[in-house]
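Given chain U's structure and the hints, the job is docking chain Z onto it.
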Amino acid sequence: MERRKTTGEMSATELTEVLSQVRAGDADAWGELYRLYAPAIFRFCRRALPSREDAEDATTEVFMKVRQKLGTYDATRPFTAWLYKVASNHCWDMLRRRRIRQDLETGDLETLPLEHPDPSQLERLMEEHTSKQVRGGLEKLPDRARMALVLRYYADMSYDEIGETLGVRRAFVGVLLLRARHQLREALGQGGAAVVRGAAAGESV
Amino acid sequence: MNHFDEMNCLLYLEGQLEPDRAREVAEHAASCAGCRDLLRALKTEGVWLRQALSAEEDSVPARLMEAPERGSAPWGWIAALGLAAGGMYTLWSGIVEPWRAQAEQAGFTQGNFLTMLFFSGSFWKGWDSMRSLMEFMAMATLGIVVTWLFRRHWKRFTTVGVVMSAVACALAMAPTANAADVKHGDPNYTLASGQEIKTDLIVFADTTRIDGDVDGDLIAWSRNIIVNGHVKGDVLAWGQDVRVNGTVDGNVRTLAQTATVAGSVARNFMAWTGQADLDEKGTIGGSATLGAGNSTLSGKIAGDVLAFGGHYELDGSFGRNVMLHSEELSIGSTAEIKGSTKYEGNHEAEVASGAKLASPIDFVTLKHGPDYKQVRYYWHQTLLWGASFLFGLVVLLLAPGFFFDAQDACKKVAPAVGFGVLFLIATPIAAVLICFTIVGIGVGISTVLLYFVAAYSTQVFVGGWLGEKLLGPGTGIAPAVGRLALGLGILRILRMLPYVRGAVFCAVLVWGMGALVLAFYKRIRPQLAPAAA
Numbered sequence: 029m030e031r032r033k034t035t036g037e038m039s040a041t042e043l044t045e046v047l048s049q050v051r052a053g054d055a056d057a058w059g060e061l062y063r064l065y066a067p068a069i070f071r072f073c074r075r076a077l078p079s080r081e082d083a084e085d086a087t088t089e090v091f092m093k094v095r096q097k098l099g100t101y102d103a104t105r106p107f108t109a110w111l112y113k114v115a116s117n118h119c120w121d122m123l124r125r126r127r128i129r130q131d132l133e134t135g136d137l138e139t140l141p142l143e144h145p146d147p148s149q150l151e152r153l154m155e156e157h158t159s160k161q162v163r164g165g166l167e168k169l170p171d172r173a174r175m176a177l178v179l180r181y182y183a184d185m186s187y188d189e190i191g192e193t194l195g196v197r198r199a200f201v202g203v204l205l206l207r208a209r210h211q212l213r214e215a216l217g218q219g220g221a222a223v224v225r226g227a228a229a230g231e232s233v
Numbered sequence: 014m015n016h017f018d019e020m021n022c023l024l025y026l027e028g029q030l031e032p033d034r035a036r037e038v039a040e041h042a043a044s045c046a047g048c049r050d051l052l053r054a055l056k057t058e059g060v061w062l063r064q065a066l067s068a069e070e071d072s073v074p075a076r077l078m079e080a081p082e083r084g085s086a087p088w089g090w091i092a093a094l095g096l097a098a099g100g101m102y103t104l105w106s107g108i109v110e111p112w113r114a115q116a117e118q119a120g121f122t123q124g125n126f127l128t129m130l131f132f133s134g135s136f137w138k139g140w141d142s143m144r145s146l147m148e149f150m151a152m153a154t155l156g157i158v159v160t161w162l163f164r165r166h167w168k169r170f171t172t173v174g175v176v177m178s179a180v181a182c183a184l185a186m187a188p189t190a191n192a193a194d195v196k197h198g199d200p201n202y203t204l205a206s207g208q209e210i211k212t213d214l215i216v217f218a219d220t221t222r223i224d225g226d227v228d229g230d231l232i233a234w235s236r237n238i239i240v241n242g243h244v245k246g247d248v249l250a251w252g253q254d255v256r257v258n259g260t261v262d263g264n265v266r267t268l269a270q271t272a273t274v275a276g277s278v279a280r281n282f283m284a285w286t287g288q289a290d291l292d293e294k295g296t297i298g299g300s301a302t303l304g305a306g307n308s309t310l311s312g313k314i315a316g317d318v319l320a321f322g323g324h325y326e327l328d329g330s331f332g333r334n335v336m337l338h339s340e341e342l343s344i345g346s347t348a349e350i351k352g353s354t355k356y357e358g359n360h361e362a363e364v365a366s367g368a369k370l371a372s373p374i375d376f377v378t379l380k381h382g383p384d385y386k387q388v389r390y391y392w393h394q395t396l397l398w399g400a401s402f403l404f405g406l407v408v409l410l411l412a413p414g415f416f417f418d419a420q421d422a423c424k425k426v427a428p429a430v431g432f433g434v435l436f437l438i439a440t441p442i443a444a445v446l447i448c449f450t451i452v453g454i455g456v457g458i459s460t461v462l463l464y465f466v467a468a469y470s471t472q473v474f475v476g477g478w479l480g481e482k483l484l485g486p487g488t489g490i491a492p493a494v495g496r497l498a499l500g501l502g503i504l505r506i507l508r509m510l511p512y513v514r515g516a517v518f519c520a521v522l523v524w525g526m527g528a529l530v531l532a533f534y535k536r537i538r539p540q541l542a543p544a545a546a
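Chains U and Z, in that order, are what the protein sequence lines are.
If you count the first sequence from 1, you need to add 28 to reach the numbering used here.
If you count the second sequence from 1, you need to add 13 to reach the numbering used here.
Honestly, the hints are just simulated from the structure, not real lab data.
Don't take each hint at face value.
[Stated by the list, open to error] Calculated lysine-lysine pairs in the DSS-like style (CA-CA distance at most 27 Å, straight line):
| id | chain 1 | residue 1 | chain 2 | residue 2 |
| --- | --- | --- | --- | --- |
| 1 | Z | 294 | Z | 313 |
| 2 | U | 113 | Z | 56 |
| 3 | U | 113 | Z | 482 |
| 4 | Z | 482 | U | 93 |
| 5 | U | 97 | Z | 56 |
| 6 | U | 93 | Z | 424 |
| 7 | Z | 535 | U | 93 |
| 8 | U | 113 | Z | 425 |
| 9 | U | 113 | Z | 424 |
[Stated by the list, open to error] To give an idea of the chain U side of the interface with chain Z (calculated C-beta under 10 Å), a few residues:
| id | residue |
| --- | --- |
| 10 | 97 |
| 11 | 110 |
| 12 | 125 |
| 13 | 162 |
| 14 | 163 |
| 15 | 210 |
All C-beta atoms in this analysis are idealised placements derived from N, C-alpha and C, irrespective of residue type, glycine included.
This is chain U alone, in the form it adopts within the complex (with noise of 0.2 Å):
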């Protein structure tokens, strides 16, 4: 669970030490600190966000939010994770207040039947695609499906931090997980030209 992505490593106490430097508001530190997890919280703007120019301005407020709310960071929970919540939180908002007509929309994408899959056949789906067409996958999925997956699969959040962030029950993150899954499987299947279904509905606000 804690395999939380840096472009650096950096030990427990050296964290704290730099943490306690910027609260302090030790500009060098603040660089150092910036540095080392910009890249991976760029990283999942770009996943989580439909546009690279999104993804480089959330990266930046997300990064002000931080320096502005590290006071509230419990030093006893791993950083990344705290880093991670606060990205995603922030995302999230983002695509919310956008794509609000959309959300209204597909309220009832969940009961729809899903097809048991060919194992076969998803082992065939997953050979034949690359990370880069996984991702290009990715970003024709509702907003909802894309972020549970990049809150799962890239910030390794729990199932309860997932439910937080999302607005949704805990019991309800598997469901939301699982479609999304079948979602993927589809716009890859079709040759990732397909555009399933309340993706469009939410280019359209």
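For chain Z alone, coordinates are given in the frame of chain U:
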């Protein structure tokens, strides 16, 4: 035997099942090849997803290399603020100050400085050099804004292509827009008696004198404008001194220091002036709408008179109703008013004994500032609140994304204020330039209308932001509606308070306008250059 569905398999793999249930799945999978295959495929899919997502193939953009500083200033709004400050300084030193000095020398001591500026400032002698300065300012503003909009896309040929073709289109369209006869005085322009212009005539000159005939409209921008001849269309005149001695078949509309009608105007007369006079020989076939510091109306007006301003003297004949809102009014002995007379002013009108009025003057004392004792005032404020709320609701329901973007942009106080100041100044300049240079009056007027809509909508975004600040962020439309209502209510109350209401109005206007610009930029950006993967 019972197979497990995909959902249970996934929860099992992710460690989300109760221990008993997990054991059941494990035991079943040990003896069932189908379920084992499914579990394996799903597990591989999880690994595959993690790998795909964590691949570090995207390079981190150069602009993210440096940590954002608290309160760091992006160059865009520094440039905007700088330009706005420069613009204001230029405006002050170029127009206001010289003109004010000139006015003081001439013994002109009218109290309302803004009125003087509005009526006379732009008719200062050095207008030609001012015009080029304003053009330069507008071009510089436009340049800055375009550079800022495209700062991330400069290298993309599509964007450059779009911009270049837009410029090419604008250049290609210019000659068709200027179908009228355009004359630049050297420095004066005279249309001699007996000469005739078959189309509209547009003149920029120091003195414009029309002794001949104009078949279309006359649009003149001069210090002195004298119409002795015959204009078959409308007269639109911007000048220091505008005088109509001849015949105008259409309307006369003017913005000038002094405007005098001594000839005949077949339709309406509209003037925003320091001094507006209708000579004894002057006739107006339609109505007169006037905003003037001083006005003597001795001629004949067939229609209604609607007038605002300082001192009015009515000596002529008035075919229909007269409505006045001015400091003083005197009605001379030769005056005849065939309709009703409504007058709102400081003192009752002075009426000479010979004056013929169809009905007694309906007089209301002019109020300065809001009357807090009147219930009607609060009712009026409530209605204004309702109107702004309704407008906000329409924006929120039609374009929720844009609404929230603009509301969010309010949080960026410094850039919002910077761009707000810039656009508040630049838009009217651009609109005037559009009217007279490249594209034409239609686009210019639309720009002005949009500008007013934008100015009105500023309170909605600032109100929404204020509501959210007080009640905290909410999810979806319904909480946003409540927050909007609260925010607008508070803004309305602040705007009812004496002393602060002007400041609140200006702050909301500047701040909201900036937020609107920022949100608009955010909206158009992805359309201009679709994001690359």
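Hints, verified against the model:
For the proposed pair residue 294 of chain Z and residue 313 of chain Z, the alpha carbon gap of about 8 Å is at most 27 Å, so the pair holds. With a CA separation close to 25 Å, the supplied pair residue 113 of chain U and residue 56 of chain Z stays within the 27 Å bound. Distance check on the hinted pair: residue 113 of chain U and residue 482 of chain Z sit about 22 Å apart at the alpha-carbon level, within 27 Å; holds. Between residue 482 of chain Z and residue 93 of chain U the alpha-carbon distance is near 16 Å, which keeps this suggested pair within the 27 Å criterion.
This hinted pair does not check out: residue 97 of chain U and residue 56 of chain Z have alpha carbons roughly 37 Å apart, beyond 27 Å. At most 27 Å may separate the alpha-carbon atoms for a hinted pair to count; residue 93 of chain U and residue 424 of chain Z meet this at roughly 12 Å. Only pairs whose Cα atoms come within 27 Å are accepted, and residue 535 of chain Z paired with residue 93 of chain U is accepted, the gap being roughly 20 Å. Among the hinted pairs, residue 113 of chain U with residue 425 of chain Z is consistent with the structure: their alpha-carbon atoms are about 22 Å apart, no more than 27 Å.
Between residue 113 of chain U and residue 424 of chain Z the CA atoms are separated by roughly 21 Å; this keeps the pair inside 27 Å, and the hint holds. Checking residue 97 of chain U against chain Z: minimum C-beta separation of about 12 Å lies over 10 Å; hint violated. A least Cβ separation of about 18 Å between residue 110 of chain U and chain Z goes past the 10 Å threshold, and the interface hint is therefore violated. Among the interface hints, the one on residue 125 of chain U holds; its C-beta lies about 4 Å from the nearest C-beta in chain Z, closer than the 10 Å criterion.
Against a cut-off of 10 Å between C-beta atoms, the interface hint on residue 162 of chain U holds, since the closest Cβ of chain Z lies about 4 Å away. A hinted interface residue such as residue 163 of chain U counts as satisfied when its beta carbon comes closer than 10 Å to some beta carbon of chain Z; here the least separation is about 6 Å, so the hint holds. Satisfaction of the interface hint for residue 210 of chain U is found here, the shortest Cβ-Cβ separation to chain Z being roughly 9 Å, below the 10 Å cut-off.
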